[in-house]
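> From just these sequences and the hints, can you work out the full model?
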Amino acid sequence: MTENIVQLKGVSKIFDETVALADMNLSIRKNEFVTLLGPSGCGKTTTLRLIGGFEQPTNGTIWFEGKDISNVPSYKRRVNTVFQRYALFSHLDVYENIAFGLRIKKLDEQTIRQKVGKMLELVNLQGFEARDVNSLSGGQQQRVAIARALVNEPEVLLLDEPLAALDLKLRREMQHELKNMQKQLGITFVFVTHDQEEALSMSDTVVVMQDGEIQQIGTPEMIYNEPTNAFVAGFIGESNIVDGIMRQDRLVDFGGARFECVDVGFERDEPVDVVVRPEDLVLIPVEQAKLTGVVRSVTFLGVHYEMIVDAADGTGWLVHSTLMEPVGTTVGLGLAPMDIHIMKKVSE
Amino acid sequence: MRKSSAMVPYLIWMALFIVIPLLLVVYYAFTVTTPEGTTWSFENFTRFFEPIYLRVLWRSLALALISTLICLLLGYPVAMIMAGNAFSRKNVIMLLFVVPMWMNFLLRTYAWLAILERNGFLNVLLSSLSLPRLNILYTNAAVILGMVYNFLPFMVLPIYSVLSKIDKGVVEAAGDLGANSVKVFTRVIFPLSLPGVVSGITMVFMPALTTFVISRLLGGGQFTLIGNLIEQQFLVVGDWGFGSAISMVMIILILLSMAIMSFFEDEDKEATLW
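As you go down the protein sequences, you meet chains A and B in turn. Number 40 in the working numbering belongs to position 60 of the first sequence; there are no gaps in the numbering. Numbering-wise, the working numbering comes out as the position in the second sequence, counting from 1, plus 1.
Wrong hints could be hidden among the right ones.
The calculated lysine to any residue pairs, modelled on SDA-like cross-linking and capped at a C-alpha distance of 25 Å, are [claimed, not checked]: (1) B:Lys169 with A:Thr25; (2) A:Lys85 with B:Val238; (3) B:Lys169 with A:Val52; (4) B:Lys184 with A:Glu135; (5) B:Lys169 with A:Tyr55; (6) B:Lys169 with A:Glu133.
A short list of chain A residues far from chain B (calculated; beta carbon distances all over 12 Å) [to be verified]: (7) Asp147; (8) Ile264; (9) Thr272; (10) Ala292.
Please keep in mind that the hints were generated in silico from the structure rather than gathered at the bench. Backbone N, C-alpha and C fix where the C-beta goes; we use that ideal spot for every residue, glycine too.
Here it is in structure tokens:
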């Protein structure tokens, strides 16, 4: 499991004058489901295109199973791609679209029929062989695109926001199906998305990117619970991010009070970002609370209420709670030391 | 109601300039006028199937086919270069093709006359380089040259318009699936560009088949093409019946080739230029 299949070593990519990727180092292990997550323009698609061979790195090298493939053209790489807009061959029917790669390899007709048949079954499109790809729905086109890539039995499957064009319900279904396929086939998936929920629910490893740089690499749990900086915290789920000052190890000032926390290794009186998840804030009686405020708004979201509580210093705290207090009430906010996440300020 | 009344001018236009002339052609083709009067007859058609006229038809078809093929072989790469290029260079190439079309067709063809003449521009250039002179004026080669020159833009533009609409992702996908650049072309780009090729062939073949100006100027009148034959019947011989019959044969030929072409074209209608 620990064998690296794809490695990017010091890879940067510059388009004209814009830096799309800056000195990226990334190792992807065999059979891993890796998600590159970030806002648009963060370099995630560029990373995928570099692995696929559609772009050449400006600097650095790309390795595949221990070999430098930086200068190997895409048609010789043992990776296949599911493109964002599917890029199906509109002059071919469903069967021939899926068979395309096999025909290039000059396999015999019987093998092709067998392999394509197996793929059609995998993506649940039996009976669609002779259909014109333009007559298919988005979800079906997407399945053809996946089958067309997977039929070549790639070592690595690259997926560039494959679910972006689908509606929510179909998207959920496809998330499950993709995850199942990945487990079933034992292929490494590199998945690009800007949807944090998608990233968390599907991946073994999430790579959070911003401005062409990796912000954090880790399991979904690590990324969510221990974000390394305010950007990751803000991008993954909802967060309260406020300014604080680290007084000493395990002691931080913010919101006009001093709190115990679990973080160490900061300078004395160092300005820091304090991150608190809205679900970690609990409503407590005012007299017991270090942090108090007035409820500005209450929104019912099904499982919980979302409240914004204005503190005296002007901070609007986002609180998720199954309990609620009406607008205008003064409430106390409690939080446990381990729910306070201290992050170094990112120097702009 | 308003819609149908708005159509009246067009209906009149079509009747005056399309339907009535066509009916006249049909009338003349099927009638023979003798001093005794006008009678219905197939004579004009049977006359056309004499060897001398069939040879003219054959030569016209052959020259038109050769010109179309040359246009395709020259035009496709040009269209590809244009479709693959950065915006500025694309416009320059496009302009090179379109600017001559702003000039009168006759003038352009006369210009070739000046170039190809015995003491024309080409031969002056060749002899100044001490190369042998080239006397291709008034040969089949000159006629084909004239056709290719005049009709090449009609091949380039429809192919270009289809090629430029091909999603780059599809090309990348083919590469991703293991196709090298030759296979990407033969299996993806060319099949996807077929509607443009078909419409280019149609737009070159038809005027090439019916031209009479090019063959008269550059062929020196020694090579009668079907277009010249029709022109002669109307303007020189005055046999409107026979001229009409040949015209009808041409119309049928053109409809036939359009039918064949549309068979290849299937549903991609946006490809055509008209």
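> If a hint holds in the structure, say so; if it does not, say that too.
Hints, verified against the model:
1. B:Lys169 with A:Thr25: 16 Å, holds
2. A:Lys85 with B:Val238: 65 Å, violated
3. B:Lys169 with A:Val52: It holds: about 20 Å lies between the C-alpha atoms, which stays within 25 Å.
4. B:Lys184 with A:Glu135: It holds: about 23 Å lies between the C-alpha atoms, which stays within 25 Å.
5. B:Lys169 with A:Tyr55: The given pair, whose Cα atoms are some 15 Å apart, holds under the 25 Å limit.
6. B:Lys169 with A:Glu133: Distance of about 24 Å is within 25 Å: holds.
7. Asp147: The claim stands: aspartate 147 of chain A keeps its Cβ more than 12 Å from every Cβ of chain B (closest is about 22 Å).
8. Ile264: 55 Å, holds
9. Thr272: At about 55 Å from chain B, threonine 272 of chain A clears the 12 Å cut-off, so the statement holds.
10. Ala292: 55 Å, holds
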